[in-house]
Amino acid sequence: MLLPTALYSRLAGAPGAAEPLPVERNPAAGAAPFLFTPRLVRFPRDHEFFEDGDVQRHLYLQDMLTQVSETPEKSMVPEFTCQVAGCCQVFAALEDYQHHYHMSHGNTCSLCSRAFPSGHLLDVHILEWHDSLFQILAQRQDMYQCLVEGCPEKFRTSQDRKDHMVRLHLYPADFRFDKPKTNRGPAMPAAADPPARALKDDSDAMEICSEPAAPPPCRRTYSHSCLPGAIFHSCLDIGL
Amino acid sequence: MWSRRQGRLSTLACGVEELRCRRREREAALRKARREQQLVSKRLLREDAPEEAGGQSAAVLLGEAEVQQFLRLAQRGTDEKEREKALVSLRRGLQHPETQQTFIRLEGSMRTLVGLLTSNRALLQLEAARCLHELSHSEQSAVAEACLPATSYLLTYLSGHSSEFIELCLYTLGNLIVESEAVRKQLLPQGIVPALVACIQSPHVAVLEALGYALSQLLQSKEAPEKIIPSLLDSSLLQHMLRLMQPGPKLNLGVAVEFAWCLHYIICSQVNNAMLLSHGALPTLAMLLLDMAGAAQRMDDAGLELQLACPVFRCLSNLLTEVPVEAMGEQMELRDERIVAALFILLQFFLQKQPTLLSEGLWLLNNLTANSPTLCTSLLSLDLIEPLLQLLPLSNVISVLVLTVLCNIVEKGPAYCQRLWPGPLLSCLLNTLVLSDIEVVGQSLELLQLLFLYQPEAAQAFLQQSGLQALERHQEETQLRDRILALQQTAIHG
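These protein sequence lines map, in sequence, to chains A and H. Letter by letter, the first sequence follows residues 501 to 740 of my numbering. Letter by letter, the second sequence follows residues 10 to 503 of my numbering.
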């Protein structure tokens, strides 16, 4: 298709258009047996007109997803230690260190050194654990906010909050809200199965590396270490 | 992601011809699937790559005991490296569908995996996430559904900071979304929309592309118009999407492609297109079109421009149908002739690279010109009629579209027809009359009627060039008969 050369400079030019030619229709135009009227056409999503384009899109996705599944090469470097105070983890690849840093030191409470998966959860933790005003208010009104962003509900107790999240937001019933934390006392129920114990050790192992500066000035109950979420244990210590 | 990983494409053992052949096979399979309404299926999303001899990612079949052992080692091993290696071995195994089955049937396996996913050992987390990602690829819904317990955690991690991890979570979610309605049903109440709103503010291109992918899969689901799109439009996600599609130095094509597809599904659903218009979707799309034409001109790498053009055409075209008639005149885009210049530059580009896109581009041209004297005039003043006519012979669908656009121009009256006369139009029409496709001929007849009405000399010339004989060929055709008779009358008697 040969395009006029002026077209390219027009594209680069200023917005606007020539004055439209006058429109002057004859009523006989498009009159029976003729049919034509100018009209905009809309195609629904599954129309066969879209078949070619959809197929191309899928081919593109296939290629893309095959590549996503490949394990990325890592940038290997001489071993080094994480420089955050109290952290003793060693790394030999930059991506690994980056991931570790974000997950373990990213959203960290400066008061008790716990790490959280997101800034939002950190904020909630600080509020519920380190804010004495919160404690006072919580005695009189619903203060425990739902952890799902955008949900406005608040609750009297963290248990109520947990029930809400399980019931309404379909969180798994064993989503870790309660803390299994640092008390390694004999109070631990024997019901904890071996995997659980291992994970609990894990979270404690992390604590050894980054000892909390001072125990948080809030109540703790000890419950046996259930499965998922050692990091969630720490962050969702906020519900007790 | 695209540019990052392109360099790592492993060289396949087969030659160029074989690649082309395989691509044709893939296309055929996809076409068939679409006709059967099966296009949104996991099976087709991941191409079965040929097994490479000694490939480092060869799927390994693991037995129950081995799976258990790897899990135990990963969870309770004393040496960090050993735990990691156990997970890597598990992941390789999980590439095999039978291992996946074994895994999900093993009691407590998903709990353990989720436990590792949420542990505070960063590298174990990553490997666990990769295992989950493998599982999410499964074509068997049972496997995808077994991953349900992980979704709330995946969503929580979207607000984190580790971009590689987030990317992985997003692709995993995207795969689970495609496979299982049970998963989708769970994601909305678990807060996927706010999670995406938080995540879409990430500066990382790879994350944004992954997000766009996951979102496009969510929006493509059959229940999306009812269950998902309304919540999405209630959030600020749309504004962010449009922001990421603004042309300029920060535009990333891979990201824009994904969000353009998202926009396409939203527009087709017709849930609230007025909102899209009020948020400036039309100017954004128009500017994007101009930008793409500029890039095509510079003959930049075609790949992603082609991928972007299709959804942008569709979005613009369908959205134009939603502009209320009274507001038509106010839309700047419809009074800026650069948009038709851009469209033609792109059409020429597609002619060389992807002819299948031509019809969608011409459909857009129809919607732009149908009710727009301004843009019809632009086609004339920018000398675009001849290039348009050059497209006529390509296919019946394209012929009909070209003829329809010409009708859009001609029906506006004598002032427009005069600009087409004298010209190549008549001889082109005489050529189309030779064809047998009823729709093509029918549209030619419509055009002739308008032309004869507003430009009587055309009727004269038609007679002189044996037009009547050309018409006679189709006299017996029921759908054409009346119109042919009428034209014959007009030509002879004026």
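Be aware that a few hints might be false.
[Stated by the list, open to error] If you want the footprint, here are the derived chain H segments under chain A, 3+ residues with CB under 8 Å:
id : segment
1  : 106-115
2  : 146-153
3  : 196-203
4  : 367-377
5  : 463-476
I should point out that these hints are in silico values taken from the structure, not numbers from a laboratory. Think of the CB as a built atom: it goes at the ideal place given N, C-alpha and C, for glycine as much as any other residue.
Quick rundown of the hints versus the structure:
| no. | hint | in the structure |
| --- | --- | --- |
| 1 | 106-115 | violated (count 0) |
| 2 | 146-153 | violated (count 1) |
| 3 | 196-203 | holds (count 5) |
| 4 | 367-377 | holds (count 5) |
| 5 | 463-476 | violated (count 1) |
Consistency note: the structure conflicts with the earlier hints numbered 1, 2, 5.
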